[in-house]
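In short: position in the sequence shown from 1, add 4, done, that's my numbering.
Simulated from the structure, these hints should not be mistaken for lab results. There could be a bad hint or two in this list.
Unchecked claim - Computed list of lysine to any residue pairs in SDA-like fashion (alpha-carbon distance at most 25 angstroms, straight line):
hint, residue 1, residue 2
1, K89, T164
2, K89, A29
3, K89, L153
4, K89, L59
5, K89, L150
6, K89, V76
7, K89, A156
8, K89, L175
9, K89, A26
10, K89, T28
11, K89, G159
12, K89, P154
13, K89, R38
14, K89, R160
15, K89, L163
16, K89, Y27
17, K89, Y73
18, K89, F34
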Amino acid sequence: MNEQRSRLIDAAFYLGFGLDAAYTAAFSEFYGFRVWGNFAVVGYAFAFLHIVILLLTRRQGSRWIPVGYVVVLGMLVPMLVLVFKRMTGRDWGSPAHSMTAQPEVWVIERAGRLLWSTGSPYVDLSTLNRPPVVDDYTPYSPAMALLGLPNALFGRNVLTDARIVAFVVTLVIFLVILRTLDWPSLSVRPVQLITLTTFTTLPAAVAGNDMPVVALLILGAVLATRSRPEWAGLVLAIAASMKLTALPAAAVVAIALAFSWRFVASFIGGMVVFTGLSAAVNWDMFVDNVIRFPGNMAAVRSPAQSPLPGHLLEQTGPFGHTAVLVLMGLAALGMLWWLLARPPRTTAEILLRTGVGLGIAMLLMPATRWGYLIYPIALLGAALYSWRPARKLAQVG
5 MNEQRSRLID
15 AAFYLGFGLD
25 AAYTAAFSEF
35 YGFRVWGNFA
45 VVGYAFAFLH
55 IVILLLTRRQ
65 GSRWIPVGYV
75 VVLGMLVPML
85 VLVFKRMTGR
95 DWGSPAHSMT
105 AQPEVWVIER
115 AGRLLWSTGS
125 PYVDLSTLNR
135 PPVVDDYTPY
145 SPAMALLGLP
155 NALFGRNVLT
165 DARIVAFVVT
175 LVIFLVILRT
185 LDWPSLSVRP
195 VQLITLTTFT
205 TLPAAVAGND
215 MPVVALLILG
225 AVLATRSRPE
235 WAGLVLAIAA
245 SMKLTALPAA
255 AVVAIALAFS
265 WRFVASFIGG
275 MVVFTGLSAA
285 VNWDMFVDNV
295 IRFPGNMAAV
305 RSPAQSPLPG
315 HLLEQTGPFG
325 HTAVLVLMGL
335 AALGMLWWLL
345 ARPPRTTAEI
355 LLRTGVGLGI
365 AMLLMPATRW
375 GYLIYPIALL
385 GAALYSWRPA
395 RKLAQVG
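Please model the entire structure based on the sequences and the hints provided.
Dropping the structure here:
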């Protein structure tokens, strides 16, 4: 009975995200999205049909085969097709109907070149002989530019495309996670929620920049609960130095470890190295790109305008903008009370608190995208359906 129920959930999972892929293939204005959708819908369809056959025949069969369908057809194949297509010259600066990569890819590669040549990954807007435009901004912390360093060092080719670099880095991080967990026996559900939703498969094919950050957040939680606070601090410092949205994870782990001096010292040291040194090269541009631009306080408004509550409220005017800031402050206080009243004690609890906190933040941020929901979905998936050995072994202390 439990096996049949799991298969029913699998079928609903693949059907739902398959429909999302089909809708994207049919109606998206972006070439890369449509290419991904055309491949992904086949992958999700094969996965769905495999599960349906097992349900109808009640035969024994692997639930991992559908995982392979989605990974190959929903992630790897469209990513490689788009990367190779990009080498022909159809880049993100083309019209939307022919873009082979989302702006994130080129922005990260530009940041890598600037970091290598100037020490700062940000365009110095004061040197432009024109008003700044959206494309001049890099809304990431300095360490995100590390994904663009291969492009800076070896030029543009298939292997230095930021998506390929991000995918390889993510894969390595997950191998480290599994090694830290002593190569546990995985269950299908967390793998589905972390890697197989369209919030992961689509970005992997067209952008890829959020995947390493998610993987680092999971690794940080795992290390924190295995008496390695200094490594957890360093890992979370790297994550926050790629995207400031990772900062709440560091706060959760700090409280879980009762502000262990080894964690705090390692985190602060990592932030100085991976954020501070580069930010100090051009502090004004760091603030403009990483803080003002995402908060819609720069000379140009952020294009991240998915119709989530925070953005919709911010669009109502100055009162709405103030209301968003107040709501985010109240949410932060609520999360802080939850953490202090019931400090997380296991890997799953750390991931749960981080996922909930980031989920609320994504909903309330004035500049946000649907794709940012990869963070709460992946983290909550890792928390709620954690690796079985970790459920009883991953205690803090």
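Open item on the list: Check whether the Cα positions of K89 and A156 lie no farther apart than 25 angstroms.
Closed with: Holds, at about 20 angstroms.
Task: 25 angstroms limit on alpha-carbon distance, applied to hinted pair K89 and L175 - done: It holds: about 23 angstroms lies between the C-alpha atoms, which stays within 25 angstroms.
Open item on the list: Can you confirm whether the C-alpha distance between K89 and L150 stays at or below 25 angstroms?
Closed with: The hint holds at about 24 angstroms.
- [ ] Would you check the hint for K89 and L59, treating anything up to 25 angstroms between C-alpha atoms as holding?
- [x] 39 angstroms, violated
Open item on the list: Tell me if the straight-line CA distance from K89 to T28 falls inside 25 angstroms.
Closed with: Holds - the C-alpha atoms of T28 and K89 are around 19 angstroms apart, at most 25 angstroms.
Open item on the list: Against the 25 angstroms threshold, does the CA-CA distance of K89 and V76 hold or violate the hint?
Closed with: Satisfied, since the Cα-Cα distance of roughly 18 angstroms is no more than 25 angstroms.
TODO: Mind checking the alpha carbons of K89 and Y27 for me, to see if they're no more than 25 angstroms apart?
DONE: OK: K89 and Y27 at ~23 angstroms, within 25 angstroms.
Task: Given pair status - L153, K89, alpha carbons within 25 angstroms - done: 21 angstroms, holds
Task: Pair hint K89 and F34, alpha-carbon separation not exceeding 25 angstroms - done: Roughly 14 angstroms between the alpha carbons, so the hint for K89 and F34 holds.
Task: Hint consistency between K89 and R38 [alpha-carbon to alpha-carbon, up to 25 angstroms] - done: 14 angstroms, holds
Open item on the list: Hinted pair, alpha-carbon criterion (25 angstroms max): K89, Y73. Please report holds or violated.
Closed with: 22 angstroms, holds
Open item on the list: Between the alpha carbons of K89 and T164, is the straight-line distance 25 angstroms or under?
Closed with: 14 angstroms, holds
Of the numbered hints listed earlier, the single one contradicted by the structure is hint 4.
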